[in-house]
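Visitor: Work out the full structure, taking the sequences as your base and the hints as a guide.
From first to last, the protein sequence lines stand for chains A and B.
The numbering used here applies: residue 1 is where the first sequence begins, and numbers increase by one.
The numbering used here applies: residue 1001 is where the second sequence begins, and numbers increase by one.
These are calculated hints, taken from the structure and not from any lab test.
Keep in mind that a hint or two might mislead.
What the hints assert, rightly or not - Straight-line distance between alpha carbons at most 35 angstroms, and here's what the computed DSBU-like set of lysine-lysine pairs gives:
hint	chain 1	residue 1	chain 2	residue 2
1	A	K180	A	K115
2	A	K180	B	K1056
3	A	K180	A	K46
4	A	K180	A	K279
5	B	K1030	A	K279
6	A	K279	A	K361
The residues making up each chain are set out below.
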Amino acid sequence: MGRVPTSNETAGSAIVYAGRFADRVAEAGLPGGYAVLSEWEVLPAKLVADIEGATALVVLDPFSFPFEIMTGEQWGVPLIVVLPAGFDVEFLIAVFGEVVFGRLTLFDRVATADKGTWEVLRRRYGWAGSQRVALESDAPDDAAAEIGALLEAENATPAPLVDGAPRGAGPEKAIHLAEKAVLEPQFADAWGDRADDVAFDVLEVGAGTGRWAASFDLARTRFFGVDIDGNLVAAARANVLGASFERLGPDLILPYQNESFDLVFSVTVMHHHPTPAKKTLLSEMWRVARPGGRLLFLEEFVSGRSEEAVYPMSVNVFVALLLEATNEQVVLEHMESLRYPREDLTRGGVIAVSRLGVPEKW
Amino acid sequence: MSEDDFYTPTDIDMLRMENELLAFEVRFLKTRLGRSGRGLGISTPLSRISYLAEAKGDLVLLLRRLGSSPLGPVFRLSREYRVLENRYLYSPEPQGPPNSPYQISHLQGAERDLVLLLRRLGRPPLNLIFGRRRSFRTLQDRYLSEEDGTSSNEQRNGR
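Guide: Given below as structure tokens:
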């Protein structure tokens, strides 16, 4: 039987929920000495407190895990869900689709030995290739050992797989969810009331590993992404099916024709660049947006939230730069400030503008 | 130091930037609120516009009914009646959104004309003819019933 950890024990560490398999997992032993919970040891109040302090939550037995106690804070912890073996994929979707699968982000992973089931689910929910933990065995104790070893290896050498954020960096997922909450309504607003059979062309500047592609229905959206980092472009291509990613050259000239996109957006990109580069990017984003199309920026207007090198800009400086770069041919559609989890200052802001003008081609 | 150069903002810098961000958001929200208020014709409630349009519709129907009745030629002997027919039956509808000042002024005029016409028809000897008609009494109830000049229908429409 597994032991019940205290909140202090789980802080900064991963929690393994073994449920009905707790005895087998405890006997097999986990590398790293992670706390293992059984199905009898998940009092909601305590589990919630434990999850909030954890760096990751591994669910070995999703059938008995109380997902209903998870709220916004708990979903901010990276999740690794082990798919139950021997079940039809449609059955898994019926049971876990809305509760779990539809809520997974690029910061979460799905562990399974069944490649066929993985592919079906991946296409259905737009998961990235890097989200799969390919298990050797479906047995819960073996799965626990494999995942434990994986977490240990990642702790030893954090791999920057998600836009520079190391795997298992809990706050990064919480930040992503906060950004998602303000961005997705803007994506929907840019979609507007267009008919389903009218293509929606979207470009993300600074796409990283393509984490925002999952916010679009790629069956109805032509999603393009550019990034100056070739490794991230390669990762995005591997991660996201049905989207196109290109490397952005040092001149920052977007490799697309004028007026090609209905939505052009960037997420925390501008503060990485000095003013001349910002101006070039803004001008280019305006150039490739269609008249009436939307330009969307989620930026940090109160310096950077990390130790990385940044070129801070206030919102007033940014707006002045935007107006200059676009020759004032934009109109403000939306503005919203954003406070990140566990932050004292309100740092982020979403600015949406429409491009004015008459199309070059009718 | 040029703004192109990298530097670590001080606490004061960060507070100033946060203030700018929040002030910008407040300005945007105020602007959006003002714009949406004008778009809805906030100076004239929609319920009032709806009531006025209904009064104008009743006036048009009443004029048509009167004009096509055996007493139509008699009514047309009156200059005021001919003015009403010309204004509401034969003149083009004013253009523009229903909440534009010109449209609202036109509808308010129609309401006044309807009230005056109903009062005229409600006096002897015409009241002996029209007072027996249920539809006429309904119009009187709707537009003349309140002694203080505010009809029950207007009250229902939130005036």
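Visitor: Hint by hint, work out which the structure violates, then give me just those numbers in ascending order.
Guide: Hint 2 is the one this structure does not satisfy, whereas the remaining hints hold.
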